[in-house]
Amino acid sequence: MDWTYFFNEVVNNRDALLHGTAITFAVSLIAILTGTVLGIVIGIAVTYGNKPLRWPARLYIDIIRGTPVLVLVLATFYVSAAVGLNFNAFQAGALALTLFCASHVGEILRGALQSLSRGQIEAGRAIGLTFDGIFRYILFPQALRYALPTWITAAVEMVKASTLLSVIGVAELLLTTQQIISNNFLNMQFYLLAGVIYFLIDFAIEQVGRFIGRRLDQPTRRTV
Numbered sequence: 001m002d003w004t005y006f007f008n009e010v011v012n013n014r015d016a017l018l019h020g021t022a023i024t025f026a027v028s029l030i031a032i033l034t035g036t037v038l039g040i041v042i043g044i045a046v047t048y049g050n051k052p053l054r055w056p057a058r059l060y061i062d063i064i065r066g067t068p069v070l071v072l073v074l075a076t077f078y079v080s081a082a083v084g085l086n087f088n089a090f091q092a093g094a095l096a097l098t099l100f101c102a103s104h105v106g107e108i109l110r111g112a113l114q115s116l117s118r119g120q121i122e123a124g125r126a127i128g129l130t131f132d133g134i135f136r137y138i139l140f141p142q143a144l145r146y147a148l149p150t151w152i153t154a155a156v157e158m159v160k161a162s163t164l165l166s167v168i169g170v171a172e173l174l175l176t177t178q179q180i181i182s183n184n185f186l187n188m189q190f191y192l193l194a195g196v197i198y199f200l201i202d203f204a205i206e207q208v209g210r211f212i213g214r215r216l217d218q219p220t221r222r223t224v
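In terms of the UniProt record's numbering, the sequence shown opens at residue 1 and continues consecutively.
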């Protein structure tokens with residue numbers, strides 16, 4: 001195994017690798033952030049919404065979570081073009097991952113909210129809080145603590161799912177790696193390098209999640 005040749009190839013293809021890593025990071029970040037916001041709305045609708053809100057939100061969660069990510073990516077890319085939406089491959093891929101992330105976050109939040117005692121809602125109303133105030137100051141902070149570990153797992157899964165965008169031509173890290181390998185045939189070395197990069201991205205997400213978790217626990221610790 002000629003490692004000198006491998007390192008030279010890494011240097012020669014550093015711009016392509018950096019670009020692929022940046023695309024992977026960007027599409028994952030978009031999916032995680034926008035999917036989380038949309039998922040929170042869906043989770044609230046499923047848990048506390050009336051029937052016209054709850055049923056469509058429940059249907060959305062069941063359909064999207066039951067659809068393979070690859071099918072969702074292909075459907076978003078080709079259906080959007082068929083209906084006249086001029087999404088490029090990156091936009092269609094980001095949208096597909098956002099929809100998928102939102103379905104998982106919605107279900108995660110629903111489970112966390114339903115695990116809380118409904119007596120807290122009555123207690124909040126008894127002291128004059130509106131439902132918005134009850135949710136903001138009582139329910140959501142507690143649900144966030146319960147949901148955070150599962151949310152971290154979902155966020156990591158978005159990074160892994162970003163590899164599927166290569167099928168629609170998004171030049172993310174996996175597709176970039178395959179293109180480099182097609183020129184130098186260093187399969188094991190470059191796939192190993194790509195694996196290390198994916199691991200570092202996922203590790204960073206986990207560390208951010210743990211930092212948020214520690215911040216959320218601080219008020220509780222001060223009151224003990």
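I should point out that these hints are in silico values taken from the structure, not numbers from a laboratory. Don't be surprised by glycine CBs; every beta carbon is placed ideally from N, CA and C. Misleading hints may appear alongside valid ones.
[As the list claims (entries may be wrong)] Quick list of the computed label-pair ranges, beta carbon to beta carbon:
hint, residue 1, residue 2, range
1, D2, V37, 44 to 50 Å
2, L18, A82, 21 to 27 Å
3, V83, I138, 40 to 46 Å
4, R14, Y48, 19 to 25 Å
Outcome of the hint check:
Restraint check, D2 to V37: a C-beta distance of roughly 48 Å satisfies the suggested window 44 to 50 Å. The hinted window of 21 to 27 Å between L18 and A82 is violated, with their beta carbons roughly 34 Å apart. For V83 and I138, the Cβ-Cβ distance of about 42 Å falls inside the hinted range of 40 to 46 Å, so the restraint holds. Taking 19 to 25 Å as the suggested C-beta distance range, the pair R14 and Y48 does not conform, at roughly 50 Å.
Checked against the numbered hints given earlier, the structure breaks hints 2 and 4 and satisfies all the rest.
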